[in-house]
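So the sequence lines, in the order shown, correspond to chains P and B. Residue numbering for the first sequence follows the working numbering, starting at 3 and increasing by one per position. Residue numbering for the second sequence follows the working numbering, starting at 11 and increasing by one per position.
Don't read these hints as lab results, they were simulated from the structure. You may find that some hints are simply not true.
Stated by the list, open to error - Pairs of lysine-lysine, DSS-like flavour, derived with a Cα cap of 30 angstroms:
#1 K99(B) / K41(P)
#2 K99(B) / K23(P)
#3 K9(P) / K228(B)
#4 K278(B) / K105(B)
#5 K120(B) / K105(B)
#6 K46(P) / K228(B)
#7 K23(P) / K9(P)
#8 K7(P) / K48(B)
#9 K48(B) / K9(P)
#10 K80(B) / K46(P)
#11 K116(B) / K278(B)
#12 K142(B) / K23(P)
#13 K105(B) / K36(P)
#14 K46(P) / K278(B)
#15 K77(B) / K23(P)
#16 K228(B) / K7(P)
#17 K48(B) / K36(P)
#18 K7(P) / K120(B)
#19 K278(B) / K9(P)
#20 K23(P) / K80(B)
#21 K228(B) / K77(B)
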Amino acid sequence: MPTPKVKFNETPAKGEIVEVKTMIDHDMESGQRKDAAGKVIARKIINTFTVTLNGKPLFSADLAPAISANPAVNFFFTATEGGTLDFTWIDDDGSRYGLSRAITVT
Amino acid sequence: MRALLVALLLMAWVGPALADPPFDPKDPAMVRYQAGIKRSGYTFAEPETRAMQDDDFMNPAMLWVEKGEKLWSTAEGGTAKSCASCHGKAEDSMKGVGAHYPKFDKGAGKVINLEQRINICRVQAMAAPEWKYESEPLLAMTTYVKMQSRGVPVAVAIDGPAAPWFDAGQRFYFERRGLNDVACSHCHVDNWGRHIRTELLSQGMSNGFPSYRLKWQKLGSLHRRLAGCNEEIRAEPYPLGSFEYVALELYLAWRAQGLLVETPSVRK
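With the hints as constraints, model all of the structure from the sequences given.
Spelled out as structure tokens, the structure:
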């Protein structure tokens, strides 16, 4: 079970630019490797990463097979309102790994 | 026109050499990665790779450290003990421990490395099964324990009962092997700082292991790296955890003496 983690300034001033760092523990199996018996190892990657603030989309990314294991996605946004940041990573097998963090804008 | 072409070709010929990662021995940020002439692999790494290692959040090896921290207090085996039952808080009890391995163990009657020490604890104190070499839990625990020595200079005992292992490791280091007929020393003593094709040769210091290697896309032990080295020179690798690699690990630790433990490091 992958364990995602995120880090950002949880109490930014209004208008401040916040850097969000995220990382998830995942093999990102590309689907292009073969095992010892010569059979293709099935692709299994995190294909989508989305972040919402109070339910509204804030950031999203489509991830491709060439992205390395344990993908780290960092992004910036301008703090305008407080609330809840929801992070969701979607796996090829349909599993969703999520994390919620509160943010207070002062 | 022709003169211009010749001039351009000449410029290309004498233009800047291969772009090596920047390194200035007097740079204050680099001082802690050197000890005399010794240079940690960090100083040979690209700036982007160094930045990954410097930031504990962005360092992917920390994922294993977090797993190791959980395992530290997980009770297992016949005695239902965890590491924490005997050793308490790892931050206190394991500080500096990893910097002195491999070392001679009276109970085992031989020189053992940190991985083997952890497995001896599991069998004798916890009555739990050994972890396989290079398995996820063993990597996680080794990295977690070794990280408690981060910033402590490597210092190993090579005299007394450890001497035969040190001698064997030293012999291994200077012995030609494999189809390419080269020894460790040919790259890492005689030619460090030079290129083997596009590859910048480091001094082969072991102070950052277990290390997250971008090529592996995961964390790996020193022995895995040694096996990789042996394959590259077309020699048959020894089994991980074998006498040969533990002896070599002791010799490498002696070579790296004075450099600070960097576990968990990030390398290309």
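Hints versus structure:
1. Distance restraint check for K99(B) and K41(P): the Cα-Cα separation of roughly 45 angstroms exceeds the 30 angstroms cut-off, and the hinted pair is therefore not satisfied.
2. Between K99(B) and K23(P) the CA atoms are separated by roughly 29 angstroms; this keeps the pair inside 30 angstroms, and the hint holds.
3. For the proposed pair K9(P) and K228(B), the alpha carbon gap of about 22 angstroms is at most 30 angstroms, so the pair holds.
4. Between K278(B) and K105(B) the CA atoms are separated by roughly 28 angstroms; this keeps the pair inside 30 angstroms, and the hint holds.
5. Straight-line distance between C-alpha atoms of K120(B) and K105(B) comes to about 23 angstroms, which keeps the hinted pair within the 30 angstroms bound.
6. Restraint check for K46(P) and K228(B): the C-alpha separation of about 16 angstroms stays at or below 30 angstroms, so the hint holds.
7. Distance restraint check for K23(P) and K9(P): the Cα-Cα separation of roughly 5 angstroms lies within the 30 angstroms cut-off, and the hinted pair is therefore satisfied.
8. Straight-line distance between C-alpha atoms of K7(P) and K48(B) comes to about 36 angstroms, which puts the hinted pair past the 30 angstroms bound.
9. For the hint linking K48(B) to K9(P), the alpha-carbon distance of about 35 angstroms lies beyond 30 angstroms, and the restraint is violated.
10. Restraint check for K80(B) and K46(P): satisfied, since their Cα atoms lie roughly 26 angstroms apart, inside the 30 angstroms limit.
11. A distance of roughly 38 angstroms separates the Cα atoms of K116(B) and K278(B); the hinted pair therefore is violated under the 30 angstroms criterion.
12. Of the pairs offered as hints, the one joining K142(B) and K23(P) is violated, with about 33 angstroms between alpha carbons and a cut-off of 30 angstroms exceeded.
13. Distance check on the hinted pair: K105(B) and K36(P) sit about 42 angstroms apart at the alpha-carbon level, beyond 30 angstroms; violated.
14. Restraint check: the Cα-Cα separation between K46(P) and K278(B) comes to about 24 angstroms, which is no more than 30 angstroms; the hinted pair holds.
15. For the hint linking K77(B) to K23(P), the alpha-carbon distance of about 20 angstroms falls within 30 angstroms, and the restraint holds.
16. Straight-line distance between C-alpha atoms of K228(B) and K7(P) comes to about 17 angstroms, which keeps the hinted pair within the 30 angstroms bound.
17. Between the alpha carbons of K48(B) and K36(P) the distance comes to roughly 40 angstroms, so the proposed pair goes past 30 angstroms and is violated.
18. For the given pair, K7(P) sits about 41 angstroms from K120(B) by alpha-carbon distance, which is inconsistent with the 30 angstroms threshold.
19. The suggested pairing of K278(B) with K9(P) holds, with an alpha-carbon distance near 25 angstroms, which does not exceed 30 angstroms.
20. Proposed proximity of K23(P) and K80(B) is supported: the alpha carbons are some 23 angstroms apart, at most 30 angstroms.
21. Pair hint K228(B) plus K77(B) holds up; C-alpha atoms about 14 angstroms apart against a cutoff of 30 angstroms.
The structure fails hints 1, 8, 9, 11, 12, 13, 17, 18 (numbered hints given earlier, in ascending order).
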